[in-house]
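Trainee: Spelled out, the chains give:
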Amino acid sequence: MSKAQVMSSLPGTFYRKPSPESPPFKQDGDPVSAADVIGLVELMKNFEEITADVDGKAITFLVEDGEAIMAGQAIAEIES
Amino acid sequence: MTIEVLKPGLATTVQDLGRPGHYHLGIPIGGAMDRLALRSANLLVGNDEGLAGLEVAFLGPQLMFQADAVVAVTGADMPILLDGEEQAPWTGFSVRNGQVLSFGYLKTGARIYIAISGGVDVPPVLDSRSTYLIGAMGGYEGRTLKAGDRIALGAAPASRAGRCVPESLRRMPKQPAALRVLPGLYWHRITADAGQHFFEDEWQVAPEADRIGYRFRGGRAIEFVDREPPFGAGANPSNVVDSAYPYGSIQIPGGLEPIVLHRDAVSAGGYFQIGTVISADMDLIGQMQPHLPTRFVKVDMDAALAARAERKAILAQIRSTLD
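Top to bottom, those sequences are chains L and B.
Residues 52 to 131 (the numbering used here) make up the first sequence, in order.
Residues 1455 to 1777 (the numbering used here) make up the second sequence, in order.
Quick caveat, the hints were computed from the structure, so don't treat them as lab data.
Using N, Cα and C, we set each Cβ at its ideal position, and we do this for glycine too.
Incorrect hints may appear among the rest.
[Unchecked claim] Just the calculated beta-carbon pair ranges, DEER-fashion:
#1 L:Ser53 / B:Arg1604: 13 to 23 Å
#2 B:Asp1655 / L:Gln56: 28 to 38 Å
#3 B:Pro1533 / L:Glu115: 50 to 60 Å
#4 B:Pro1630 / L:Ser73: 30 to 40 Å
#5 B:Pro1533 / L:Glu128: 17 to 27 Å
#6 L:Glu128 / B:Leu1580: 20 to 30 Å
#7 B:Cys1618 / L:Glu72: 29 to 39 Å
#8 B:Ala1632 / L:Gln56: 47 to 57 Å
#9 L:Val88 / B:Asn1690: 35 to 45 Å
#10 L:Val88 / B:Lys1600: 19 to 29 Å
#11 L:Val88 / B:Gly1552: 32 to 42 Å
[To be verified] When the alpha-carbon atoms are kept at most 16 Å apart in a straight line, the in silico EDC-like pairs for lysine to aspartate or glutamate are as follows:
#12 L:Lys96 / B:Asp1664
#13 B:Lys1752 / B:Asp1647
#14 L:Lys96 / B:Asp1655
#15 B:Lys1752 / B:Asp1655
#16 L:Lys68 / L:Asp106
#17 L:Lys54 / L:Glu128
From just these sequences and the hints, can you work out the full model?
Mentor: Below you can see the structure in the form of structure tokens.
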């Protein structure tokens, strides 16, 4: 069992939901595939999608909804 | 003599020192947000200070060189990679035809400036190659770069790699950042208490901040002095009869979130301005990341002019170091 980290390439505000009323893209423990969007980063009036980039059995988020993040920060781990 | 854009980054634009003289018609000066960084990068590669380079916000591009060149990257701290090998920042280095320039994750600051010997050659618009995004003019087709773009270069000057701007002459915001502010014409509109806590409170850069304006939140709301709204101002106490907006002016719509207008500023509008960030600190704003804690520091005109002189002295030192 190995774990891959999903990094954000941008600094900004991290969101786990596509809009405030929507459910999160993924819950802790959900399986993911590489193309899945797992969150958004808000920066300069844009919302950039973050994709999982790997297939995995279970995702664990390391950052809360609405939290400030740095470029290069790990925002989730994916168990393969 | 071109560079091919393999990956554009988030918001990479062609910028020089802007197009002064058209603000009264609504066209802002534009140009590099961190001018000292662009000037330095140009000097490092043997260019005139005002040639066009690339302004890269937050996420680095991937560029394939189709010519030999001397390149320098200044501004924010973002690892610089030439065919994967790390290069020193604020230092000229040689790039050969076929090599790829790319970048690691941004560490501190917000924008890097890439100067290339000969400069970026796009058609000047109103005497400038700067990209004015919301006006869709200047730069590379008036827009941010995209994968597949080919950027032409000007005729390269005689140039050599290896020159460096010493660390003592590089300027980046501290943590918390301090922006010096000259109180403005509308100071009488706010209460004495608000005039104090604006400068006491710690603010944070909001993620919406861009080339037009930098927004801040986290400080206490500004309270206004009661008035009869003048004709044309509207009922909101933060409104005034429309007026001109200086670069660096700080408007606070509804008294809530200060917005500092930057290089791509709107030229006029109906919000009161609490004051203006002094010209010497405008470059620093271009290097502020979202969420960076920030204090506004009240200064008078003498202090603002002294800071401007100090900045000019730094530039003079950089010029003589690289001469």
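Trainee: State for each hint whether it applies.
Mentor: Right, here's what the structure says about each hint:
The beta-carbon spacing between L:Ser53 and B:Arg1604, approximately 41 Å, falls outside the hinted interval of 13 to 23 Å. Checked against the hint of 28 to 38 Å, the pair B:Asp1655 and L:Gln56 passes, with Cβ atoms roughly 36 Å apart. Restraint check, B:Pro1533 to L:Glu115: a C-beta distance of roughly 28 Å breaks the suggested window 50 to 60 Å. The hinted range of 30 to 40 Å is satisfied by B:Pro1630 and L:Ser73, whose Cβ atoms lie roughly 34 Å apart.
In this structure the hint that B:Pro1533 and L:Glu128 lie 17 to 27 Å apart at CB holds, the actual value being about 24 Å. Between L:Glu128 and B:Leu1580, the C-beta spacing of about 51 Å breaks the proposed range 20 to 30 Å. A hinted range of 29 to 39 Å is violated for the C-beta pair B:Cys1618 and L:Glu72, which are about 53 Å apart. Checked against the hint of 47 to 57 Å, the C-beta distance between B:Ala1632 and L:Gln56 comes to roughly 35 Å, which is inconsistent with it.
For L:Val88 and B:Asn1690, the Cβ-Cβ distance of about 38 Å falls inside the hinted range of 35 to 45 Å, so the restraint holds. At about 22 Å, the beta-carbon gap between L:Val88 and B:Lys1600 stays in the expected band of 19 to 29 Å. The given range of 32 to 42 Å is respected by L:Val88 and B:Gly1552, whose C-beta atoms sit roughly 36 Å from each other. Between the alpha carbons of L:Lys96 and B:Asp1664 the distance comes to roughly 8 Å, so the proposed pair stays at or under 16 Å and holds.
For the suggested pair B:Lys1752 and B:Asp1647, the alpha carbons sit about 14 Å apart, so the restraint of at most 16 Å is met. A threshold of 16 Å between alpha carbons decides the hint, and for L:Lys96 with B:Asp1655 the separation of about 25 Å lies outside it, so the pair is violated. Restraint check: the Cα-Cα separation between B:Lys1752 and B:Asp1655 comes to about 12 Å, which is no more than 16 Å; the hinted pair holds. In summary, the hint linking L:Lys68 to L:Asp106 is not supported, as the alpha carbons are separated by about 20 Å, beyond the 16 Å threshold.
Taking the CA atoms of L:Lys54 and L:Glu128, the gap is near 6 Å; set against the 16 Å cutoff, the hint holds.
When held up to the earlier numbered hints, the structure conflicts with 1, 3, 6, 7, 8, 14, 16 and fits the remainder.
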